[in-house]
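Protein chains in written order, with the numbering used here: chain A, 335 to 430; chain B, 335 to 430; chain C, 335 to 430; chain D, 335 to 430; chain E, 335 to 430; chain F, 335 to 430; chain G, 335 to 430.
Hint data in this document are derived by calculation from the structure and do not stem from the laboratory. In this text, all values refer to a predicted model and were calculated from it rather than measured experimentally. Incorrect hints may have been included.
[Unchecked claim] Here are the computed distance ranges between Cβ atoms for each label pair:
id: 1; chain 1: F; residue 1: 423; chain 2: D; residue 2: 430; range: 54 to 62 angstroms
id: 2; chain 1: C; residue 1: 374; chain 2: F; residue 2: 389; range: 34 to 42 angstroms
id: 3; chain 1: B; residue 1: 387; chain 2: G; residue 2: 413; range: 48 to 56 angstroms
id: 4; chain 1: G; residue 1: 397; chain 2: B; residue 2: 404; range: 54 to 62 angstroms
id: 5; chain 1: G; residue 1: 347; chain 2: F; residue 2: 374; range: 29 to 37 angstroms
id: 6; chain 1: G; residue 1: 386; chain 2: F; residue 2: 380; range: 13 to 21 angstroms
Note that beta-carbon positions come from the ideal geometry of N, C-alpha and C, so glycine has one too.
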Amino acid sequence: MNIKPIHTNVVVKPKKEDDITKSGIILPGSSEKERPEQGEVVAVGEGKLLDDGKRAPMSVKVGDNVMFKKYSPDEVSIDGEDYLIVAEGDIIAILK
Amino acid sequence: MNIKPIHTNVVVKPKKEDDITKSGIILPGSSEKERPEQGEVVAVGEGKLLDDGKRAPMSVKVGDNVMFKKYSPDEVSIDGEDYLIVAEGDIIAILK
Amino acid sequence: MNIKPIHTNVVVKPKKEDDITKSGIILPGSSEKERPEQGEVVAVGEGKLLDDGKRAPMSVKVGDNVMFKKYSPDEVSIDGEDYLIVAEGDIIAILK
Amino acid sequence: MNIKPIHTNVVVKPKKEDDITKSGIILPGSSEKERPEQGEVVAVGEGKLLDDGKRAPMSVKVGDNVMFKKYSPDEVSIDGEDYLIVAEGDIIAILK
Amino acid sequence: MNIKPIHTNVVVKPKKEDDITKSGIILPGSSEKERPEQGEVVAVGEGKLLDDGKRAPMSVKVGDNVMFKKYSPDEVSIDGEDYLIVAEGDIIAILK
Amino acid sequence: MNIKPIHTNVVVKPKKEDDITKSGIILPGSSEKERPEQGEVVAVGEGKLLDDGKRAPMSVKVGDNVMFKKYSPDEVSIDGEDYLIVAEGDIIAILK
Amino acid sequence: MNIKPIHTNVVVKPKKEDDITKSGIILPGSSEKERPEQGEVVAVGEGKLLDDGKRAPMSVKVGDNVMFKKYSPDEVSIDGEDYLIVAEGDIIAILK
């Protein structure tokens, strides 16, 4: 991966709706309005800057399959594939 | 449970309105507008990040029957059942 | 009491307007707009989370007769009686 | 006084406009819009909660004659007399 | 002076526009919109409450000739003269 | 470079859309709305002021090729070339 | 200079647009909307109040040629010349 996010940014390869439905275990709820998205973490930032100048460890790591709120993440294309930049605070859970 | 919430997120299995009414002890008030929901905690996050980089312990644990504000929690379907992702700060009380 | 509030939430049994008027010592002011309500504390939360992860002691305790701002507290029915969930920060004073 | 304010709340017996004018030393300015009110402090709260869980001392004490911003203080009647609940932060000055 | 401001409040005797123009050294700029006012400090508050419960020293003292933003300071009449209550944060500079 | 940014400001030489497309590895996503810009860091500020008066190290350094949110960065022309002043918090990632 | 700014205020002698253009090295960008102004620092405040009551050192000093955001700085005339009062946080960079 040739992209190194800073702060608490996370690069996520979003799962296509079809793939989520096929895997079938964990799906967004039936409500259209509040359906979080899913994706795989491909790069993580440095962690939140603490008051003493240190960084808090990130709550997710590369390879985690995560569920995140779909506010308006920045989109980026790397080697022809689409990725999303998601703030760690918008990630809700790690799916196993 | 194949979902591990991060931050202060909590996965809650919401109780159906009928089940709450039947159990009958603790019910939402009569006002339509401010009726908190109830549910069972099935997974809890890591706890709030403190200034020193540690995590505060969560105030609820798996198995707790909780009452929470029904703002707009994210919905998720796991193994065909509906769950809600609720921020710990929106949980009001543990019901015994 | 089968309800254990978390954070700084307080469960209050509200006094009926008639009972307040009869007891007669401390009444809401004549202005309709800014009349705080009264009630008895029946359960208290854990206290505010401090920066070091400890909890500040609550300023009210079970049995206190309190006056509180009537913003929009959550309503709950326990054993058929109506209660309000009030944030400690909305409690103004303890009445003796 | 049968009322014990919590947090930084202060119970104030407001001075009537006539009494202020008669005493005559310190009066609100001529502008209608920004005229602070005056009153006597009859009960004070516990003081602001500090980060270490202690309380900061209150800047006013019982008996102080204070000038305060008239935002929208809660009104309360005690033994038939009207009082205002004023947040310490809305008190501007002590009058001697 | 029979008024003791609390918090970071400062009592200022405002200079009349004519007096400012006559003294002539430091004047508000030509723009009507952003003209700070001038005045003499006659009483100062206790200083900002710090996290450890101490007070930061005030940046102005009695006798200072100050320039301040004219948001909407409270007005007060003392012994028949008009004064303004200005928050320390709205004072821009000390004029020598 | 004759410009020394202060605080967390960063001077960035923005890449032209054509150059980004030609290099071709990392491109903004297809959505028009959320396309971050790219550029080369030519000067960095002092870092965020911490509570103890020290400065946190900057997350980017001169020469880094960065992707940043295009809110409304200040524009400046130096020796006839256009640069942008970007707050460190608006930089999302370093591209390698 | 007979003016001593307090807090993080800075007194700046703004450069005239013509003078900036003639010196010619560093110019505002071509966009009308986001053109920062330039000027010379003639007086600086005490620095930001830290949590422990100390002051952080200012990032600019008297004599610095600075670029700053032109929100709505207060204007002041000293000895017949126009100056701006700029908050340190609105200064972007020092020009050499």
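Going down the list of hints, with the structure as the test:
In this structure the supplied range 54 to 62 angstroms is violated for residue 423/F paired with residue 430/D, their Cβ-Cβ distance being about 48 angstroms. Hint check: residue 374/C to residue 389/F, Cβ distance near 53 angstroms, so the stated range 34 to 42 angstroms is violated. In this structure the supplied range 48 to 56 angstroms holds for residue 387/B paired with residue 413/G, their Cβ-Cβ distance being about 53 angstroms. As the Cβ distance of residue 397/G to residue 404/B is approximately 60 angstroms, the hint placing it in 54 to 62 angstroms holds.
A hinted range of 29 to 37 angstroms holds for the C-beta pair residue 347/G and residue 374/F, which are about 33 angstroms apart. The supplied range of 13 to 21 angstroms is met by residue 386/G and residue 380/F, whose beta-carbon atoms lie about 20 angstroms from each other.
Taken one by one, the earlier hints fail for this structure at numbers 1 and 2, listed in ascending order.
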